[in-house]
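Asker: First to last, the protein sequences are chains A and B. Using our numbering, you'd call the opening residue of the first sequence number 1 and step up by one each time. Using our numbering, you'd call the opening residue of the second sequence number 1001 and step up by one each time.
By construction, these hints were calculated from the structure, which means they are not laboratory data. Don't take every hint at face value.
Short, incomplete list of chain A residues facing chain B, as computed with Cβ under 7 Å [what the hints assert, rightly or not]:
# : residue
1 : Ile5
2 : Ser10
3 : Cys27
4 : Met36
5 : Gly40
Pulled from the structure, derived: some chain B residues nowhere near chain A, Cβ distances all over 10 Å [what the hints assert, rightly or not]:
# : residue
6 : Glu1026
7 : Val1029
8 : Gly1042
9 : Gly1124
Capping the alpha-carbon separation at 16 Å, the derived lysine to aspartate or glutamate pairs in EDC-like fashion look like this [stated by the list, open to error]:
#  : chain 1 : residue 1 : chain 2 : residue 2
10 : B       : Lys1008   : A       : Glu39
11 : B       : Lys1008   : A       : Glu41
12 : B       : Lys1011   : A       : Asp29
13 : A       : Lys14     : B       : Glu1094
14 : B       : Lys1052   : B       : Glu1094
15 : B       : Lys1011   : A       : Glu39
16 : B       : Lys1052   : B       : Glu1023
17 : A       : Lys14     : A       : Glu35
18 : B       : Lys1008   : A       : Glu12
19 : B       : Lys1013   : A       : Asp28
20 : A       : Lys44     : A       : Asp29
21 : A       : Lys44     : A       : Asp28
22 : B       : Lys1011   : B       : Glu1089
23 : B       : Lys1013   : B       : Asp1080
24 : B       : Lys1011   : B       : Asp1080
25 : B       : Lys1008   : A       : Glu45
26 : B       : Lys1008   : B       : Asp1080
27 : B       : Lys1011   : B       : Asp1072
28 : B       : Lys1052   : B       : Glu1090
29 : A       : Lys44     : A       : Glu6
30 : A       : Lys14     : A       : Glu39
31 : B       : Lys1052   : B       : Asp1080
32 : B       : Lys1013   : A       : Glu35
33 : B       : Lys1011   : A       : Glu35
34 : B       : Lys1008   : A       : Glu35
35 : A       : Lys14     : B       : Glu1089
36 : A       : Lys14     : B       : Asp1123
37 : B       : Lys1052   : B       : Asp1034
38 : B       : Lys1011   : A       : Glu12
39 : B       : Lys1052   : B       : Glu1089
40 : B       : Lys1013   : B       : Glu1026
Just so we're clear, the structure is a prediction, and the values are computed from it rather than from any experiment. The beta carbon of each residue, even a glycine, is placed where N, CA and C say it ideally should be.
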Amino acid sequence: MTEQIEITISPEGKITLHVQGVTGLACDDLTAALEMLLEGETNKEYTPEAFGGGAVANQQGQAQW
Amino acid sequence: MSHITRIKNAKLKDAALLCQALENLELAVEYAQDNTLSVGLGESAMIRTQIKSSARYNYRQGEQVGFARQTDGTFSTVGDFYWAAQSAEEFTAEVTQAYVLVAALQMLAQQGYMVETQERRTDGAVRVTMGRI
């Protein structure tokens, strides 16, 4: 299966990365390095696909930006 | 597994990435080891570039602006934008977008991802898709 990342960067520099098709913890590792490099405020959501179709989980319990 | 990560208020700390971002915006870059490059009215910077003057001041040769390294390691925009075609906020936002793009592409390329599509949307956002088999 092809692993794909869709990146969107707003005119102000807010970046959104949608990671698809990466199994296990490697999914988190993919964006961890970028999170450390940019040192910004991070918000992470696991999509329904990650939990077999359940609700979206927000790691930090924050509202979506 | 699938997830969505959002990062806002990125800190500009990496000089090489910042220089690359400016070059990607087709701006000439001068770099010094410290804040020793003069810009504007008595300010100094570590990275200096030149942006277009406002159309009202098109007789000018462009405006020197730059980025000064702060004590916390971040870069801040410096320079006199009075004659410039962009405000300091507009320029900083444009450079931040370019910086984040360079950082993301480099980081993901190191992990084996290749750019499949890249476009600038009408709202000014940049959208890139990358894949790895």
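Asker: Is B:Lys1008 within 16 Å of A:Glu41, Cα to Cα?
Answerer: Since the Cα atoms of B:Lys1008 and A:Glu41 sit roughly 5 Å apart, the hinted pair holds (cutoff 16 Å).
Asker: Go through the hint on A:Cys27 and say holds or violated, using the shortest Cβ distance to chain B against 7 Å.
Answerer: A:Cys27 check passes; min Cβ-Cβ to chain B is 4 Å, inside 7 Å.
Asker: Please verify whether B:Lys1008 and A:Glu45 have alpha carbons no more than 16 Å apart.
Answerer: holds (15 Å)
Asker: Hint check: B:Lys1011 vs A:Glu12, CA-CA at most 16 Å. Holds or violated?
Answerer: Measuring from Cα to Cα gives roughly 12 Å; hence the hint holds.
Asker: Given the hinted pair B:Lys1052 and B:Asp1034, is their alpha-carbon gap at most 16 Å?
Answerer: violated (25 Å)
Asker: Compare the distance between the alpha carbons of B:Lys1052 and B:Glu1090 with 16 Å, and conclude whether the hinted pair is satisfied.
Answerer: The given pair, whose Cα atoms are some 13 Å apart, holds under the 16 Å limit.
Asker: Taking 7 Å as the limit, does the beta-carbon of A:Ile5 come near enough to a beta-carbon in chain B?
Answerer: holds (5 Å)
Asker: CA of B:Lys1011 to CA of B:Asp1080, is that 16 Å or under?
Answerer: The given pair, whose Cα atoms are some 22 Å apart, is violated under the 16 Å limit.
Asker: Verify that the Cβ of B:Gly1124 lies farther than 10 Å from every Cβ atom of chain A, and report whether the claim holds or is violated.
Answerer: For B:Gly1124, whose nearest Cβ neighbour in chain A is about 4 Å away, the distance does not exceed 10 Å, so it is violated.
Asker: Does the structure keep B:Lys1008 and A:Glu12 at a Cα separation of 16 Å or less?
Answerer: Distance ~9 Å between B:Lys1008 and A:Glu12 Cα, so the pair holds.
Asker: Going straight from one Cα to the other, do A:Lys14 and B:Glu1094 come out at no more than 16 Å?
Answerer: holds (11 Å)
Asker: Does A:Asp29 lie within 16 Å of A:Lys44 when you go C-alpha to C-alpha?
Answerer: holds (12 Å)
Of the numbered hints listed earlier, those contradicted by the structure are 4, 9, 12, 19, 23, 24, 26, 37 and 40.
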